[in-house]
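*Asks:* One-letter residues, chain by chain:
Protein chains: 2
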Amino acid sequence: MTSKDYYADSYAHFGIHEEMLKDEVRTLSYRNAICNNPHLFKGKTVLDVGCGTGILCMFAAKAGAKKVIGVDMSNIIVQARQIVEANGFKDTIHLVKGKLEEVELPLAPGEKVDVIISEWMGYFLLYESMLDTVLAARDKYLAPGGVMMPDTASLYLSAIEDQEYREEKIGFWDDVYGFDYSCIKEIALREPLVDTVELKSVVCDPCLVKHINLLTVTKEELTFKDSFKLNVTRNDYIHAFLGWFDVSFDACHKPVKFSTGPHSRYTHWKQTVFYVPEMMTVSAGESISGTLSCAPNAKNNRDLDIVFEYELDGSQPIKAKAEFQM
Amino acid sequence: MTSKDYYADSYAHFGIHEEMLKDEVRTLSYRNAICNNPHLFKGKTVLDVGCGTGILCMFAAKAGAKKVIGVDMSNIIVQARQIVEANGFKDTIHLVKGKLEEVELPLAPGEKVDVIISEWMGYFLLYESMLDTVLAARDKYLAPGGVMMPDTASLYLSAIEDQEYREEKIGFWDDVYGFDYSCIKEIALREPLVDTVELKSVVCDPCLVKHINLLTVTKEELTFKDSFKLNVTRNDYIHAFLGWFDVSFDACHKPVKFSTGPHSRYTHWKQTVFYVPEMMTVSAGESISGTLSCAPNAKNNRDLDIVFEYELDGSQPIKAKAEFQM
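Chains as they are written, first to last, in my numbering: chain A, 1 to 326; chain B, 1 to 326.
Don't take each hint at face value.
One copy or two, it doesn't matter: identical chains are merged, so the pair holds either way.
[To be verified] Straight-line Cα separation of at most 25 Å, DMTMM-like style, residue types lysine to aspartate or glutamate; simulated pairs:
#1 Lys270 with Glu18
#2 Lys112 with Glu311
#3 Lys22 with Glu198
#4 Lys169 with Asp195
#5 Lys270 with Asp205
#6 Lys90 with Asp175
FYI, nobody ran anything at the bench for these hints, they're computed from the structure. Since this is a predicted model, take the numbers as computed values, not measurements.
If we strip away everything but chain A, and leave its shape as in the complex, we get (with noise of 0.2 Å):
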């Protein structure tokens, strides 16, 4: 038994809410972009798609908006209604419980509104993300020059040597307790693992393979496959590709931006790792080129098909492809 199955509605339970509030490196960047704002806020008419607890709705509140909506279709926003209230915010914060999309917001016939805060990154940012909704949130309802927040988002690829752990996670199916559960290893090696990684492991520059503009990209940029090319920095071996983003918020009077990477702290999101199925023995000024294609799964539209296509031209080379489900 596990907590893995803990809860249906999980984002109903506060646990989830816990660990996002205690992830300082999310909550103080946003806390920082609202309420250093105030000139983006004040008097304003706000929209944070994906509510939760309510905690952004109540930093706008702060830093001056004159009416903030917050939607979330999970029943936390029970608790996000006492929270408001209990914070003497009843006034200024309306919370909608529902589908973005299919929800009626408190807003005159042909009002917008002049500000939407949304934290609807996922792993590997988009796995699992609310995306699509802020999206639809900004073409239905931003005013005209309108200010999301966050504006921008970064998707990053580098590579890393992790013979050690992939012996733990993968290597683990060879003998178990004397059995093959090789089986279970081809499906280990199809998912990419959530977990955080040294720095001392990363063998590769970071590559900017994505670059998200909040104020006009589309749901359909959303799927994509773009090239990227990394230079290896020493001798080593490679054994997985390594994923993260940085997101920012532009609009601000100073810019606030965080990153999720392996040279940073700490935040719930980790990094993303995907072993590839052949290691790579790779030299300092050598360079992998490939692509990385992203698409939402065609049978379940909330897991994410992402392909690497990639070669190594080195004293070894390898011309490979690795496909992933998470």
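Given chain A's structure and the hints, the job is docking chain B onto it.
*Replies:* Just chain B now, with coordinates in the frame of chain A:
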């Protein structure tokens, strides 16, 4: 976003089975109980209730069982079939997908099984446990004089000093970035915390509150109100009751047992912490007397209603009641 909502059919995901298989206290105890006692398995028919990846089925087959039937309602059974075949047990081990109460087992009319093996234990022994199902299997399929593995389980209580962690888990909600989240604090207080506890924080002798004989216990007896007396071993403060369980395989030639208590090696069950609303100031020699009630929740019978009614007869007496749901 978090891993809590990572998987729908959570037991279909190998990650849960990885955690259970890598729990060596758990898996090696079952292996020793089965593989070191071939006299109980040679030529016998064995039923594994909730077989998961089939590891216990394969132990039983290795121990000489003539026929092993594994039942599991999760899709992990798909991998279990591949594993059983890959390890050459296709003819001995028969895997059935479905609810044990509903499926048809590959047994001749009136045929019974000689041994029932099952790893059914949940957090605090009974949380989301499959014990009901194991008892149904026993009553329907176990031959007279048949063996249950394990055949006893014992639930223990103690109490701990835990100010620091209580602050982090409960006190946190008093001030969340300057906001009052006390409505969530109330929910957090009602919910037992599954976590590892250091032995040095235990301030009372362990007390056995419930002993279960798997050969004779009835489903009704799993709803109980039993008394306990905790003897305080040192001057300290008590912030929480602590619960854990032991199981044993007494049918073995040499009894096999393991404990999930704070004095024992780590298991994935950890221990269960029940924070009391009001801290108790206790002195060596004092004692806390009370009753522990456990019952399936009326609305959701997978949930557990747990009530502590207790009295500290000490220099600073307390009489209180603490209600939990997990």
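*Asks:* Next step is simple, just say for each hint if it's right about the structure.
*Replies:* Results of checking the hints against the structure:
no.	hint	in the structure
1	Lys270 with Glu18	both (16 Å within a copy, 20 Å between copies)
2	Lys112 with Glu311	neither (48 Å within a copy, 59 Å between copies)
3	Lys22 with Glu198	both (21 Å within a copy, 23 Å between copies)
4	Lys169 with Asp195	both (12 Å within a copy, 23 Å between copies)
5	Lys270 with Asp205	within (18 Å within a copy, 40 Å between copies)
6	Lys90 with Asp175	between (59 Å within a copy, 18 Å between copies)
This entry does not satisfy hint 2, going by the numbered hints stated previously; all others are met.
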